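A.B. asks: Residue numbers (my numbering), protein chains in the order written: chain A, 1 to 489; chain B, 1 to 184.
No wet-lab data here; the hints were simulated from the structure.
Here the structure is a predicted model, which means the values were calculated and not measured.
Glycine included, each C-beta is placed from N, C-alpha and C at the ideal position.
A hint or two may mislead.
[Unchecked claim] For the chain A half of the interface with chain B, some residues (derived, Cβ under 7 Å), not all of them: (1) V7; (2) L8; (3) E12; (4) Y204; (5) I462.
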Amino acid sequence: MSDEFRVLDELERRLIAGCYHDGQPAQHAVRRPRVRRRYSWAAVSAAGIAVPGMLAAIVVIASGGVTPSAARALADAARASRASATPILASGEYWYTRTIFSTITPFPLPPRVIRPGTNPAPTLIAVNLRQSVETWIGRDGTIRQRQTTLSERFADAAARRRWLASGEPLPHFGSSDSVSSGDGWFPPQYGGGGGDVGDGLFSYRQLLTLPASTRALRSRIERAQAAYTHRQQHGLPVKVQPGTAVGGIQLIGRPSLRYARSFEDLNTITMLLSTPLPAEVRAAIYRVAATLPGVRYDGHAKDALGRAGIAVAIGTRAHGMQMIFNPTTGALLQTSMLVSGSIRGVKLGPLTQTIAAQGIVRSLNSLPRGVRPIGRLLPSPLTVAISPRAGTPTSTFYLTMQGAHTSLRPVPFPPIAEVNGPTAPGCDAYLIPPPIVNLTHAVTIHSLGHVSYRYKLQPSAIDRTAWCPGRYQLQIVGNNPTSIYFQVR
Amino acid sequence: MSGFLADVEAFSGFYRGYARSVLLFFARRTLDPEAALDLTAETFAQAFASRMSFRGGTDAEAGAWLFVIARRQLAQYFEAGRVSRELLGRLGVEVPRADREELERIEALAGLGAIRVALREQLERLDVGQRQALWLRVVDGQPYTVVAARLGISEQAARARVSRALRGLAEPLAAMATSVEEER
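If we strip away everything but chain A, and leave its shape as in the complex, we get (with noise of 0.2 Å):
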């Protein structure tokens, strides 16, 4: 190569001195900002595993027991939810959440002069950054996620006097915008960051006939959890593997399995208490959490948005998880991963998650009454249909991408498209990586103000006779990415 791009070997250098340090591979250049959430804690131990929350950070877990003041206060919260509304949603109606996050998060700064040879780990400097998520969830899964970022400055003045003096522009985090048709579970209420972002615990039916007992609802929550810790590593490839290119919180130390269950399930329970549940459910939910071991009670607190609360937490005031929730009515009002420590000189701080506004809502477009936009409110992604939603191993599956007249090009330009899919003998190893999947434009749809592309999908967009049996995603690349499932049967 050397006779032909000197330039291409000068690249070469430079991306090993950035990729190896000391012939090893770098672990910070994997860690990257995602926003999802997980319920599986298997992997806790081997190696860390994503949890609520978008923004690498690290917490380090130490033991707790249980607190009888915290056992009160959560069943005065699950008194409080047993007299409040049950929102139900309709057909066409979504669930909408806005969720706040908070944090100090540390931002590599490259070096300015990379010598051959040398090892140039980037300097570290501390910003502070809001974000907001705000999720639109439908009954049968469909899930919009669109995230802002709110603020981002330095953390302190020497930290923007680095970054100032190295002549690098800005830190800038971004946002994004994108749509995940249902496949009938109620995902999570931060979805996105790769992998099945359409799956969950419950489907929304199941969420509404959970068991009010609380030893009955352990139970179920259990049995899902395990169910879907099973899905994750038997069903659809997950790009985003525990331990590797994940952000959220990258758990340290060694747990004991007893408090690593507690935490496990505290977050389940923060999750579950954001969705649109029965009142005597999300009561029992919290009688759920006054049985876990190590449950500390936290008194009264205030929440990001000055909102007051109750405060109960796992683990320490330095290394643990809080969540405060509003004593009168249930409600969920933030949950906290408490951090402390630093990295390579970046001192850490809470990440916090506060639930800023909540309701039902008509369409992925649209926000409850009193909600004010953040920015401003854009059409929302490309929405795509699939049909039949089940085939046989040689189905023709009809992908529709429909938006609003200005949202689309305007030619029926063939989307990129990935597709992730069950792994069986013959079928892995071209499904991991995800294929390029070759679309074939059939027919273009004008209705109502909206225009549609429709594009046939073969087996043969994979280079495949035959589809393999199991569920499918199918995912257009781009900002705004959208996917969908499909079933083999």
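Model the placement of chain B on the given structure of chain A, informed by the hints.
C.D. replies: Below, chain B alone, put in the same frame as chain A:
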């Protein structure tokens, strides 16, 4: 292929096996050797960062996987109007600049001359602003500063206009690029 790209030698072999092809792949589809170099760098950085997701077992599968990443980068480039340097930034890697002689060599090897001639016939598909920007940048070979000055817009807007124009022509461009690749 467990431990894929696990050490410097493995990365070096992988890079040397594919860097030239990836660079020319991008050059033929962006008609911009500098952007192609940036995209090549980000593609390898992305490959390194997501190496654990590669579960293939052969060199051919590794190559196919790399080009999946490359196509995704290209789509994002067309969509955003600029090259993402997300992973390069995290790795602290600055992309080296090619000198004029090397840029010309990339153009020659990529067969950009033939593609540009064929491209002229497709320009009518674009709106006036995009057509002007694309002509100045790709056919006339003007730097972005000149494109911006000639059109009375910012350099950033000029870059966005060119990339959007290329996105509009992505289909014929891909066909032309494939035909050039098949001839060589």
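A.B. asks: Taking the hints in turn, state whether each one holds.
C.D. replies: Checked hints:
For A/V7, the interface hint holds, the least distance from its beta-carbon to any beta-carbon of chain B being 4 Å, beneath 7 Å. This hint holds: A/L8 has a C-beta 5 Å from the nearest C-beta of chain B, less than the 7 Å allowed. At about 5 Å, the closest approach between the beta carbon of A/E12 and any beta carbon in chain B falls short of 7 Å, and the interface hint on this residue holds. A cut of 7 Å between beta carbons decides the hint on A/Y204: the least distance to chain B is about 31 Å, and the hint is violated.
The interface hint given for A/I462 is violated, since its Cβ lies 12 Å from the closest Cβ of chain B, which is over the 7 Å cut-off.
Consistency with the previously given hints fails for numbers 4, 5, ordered from lowest to highest.
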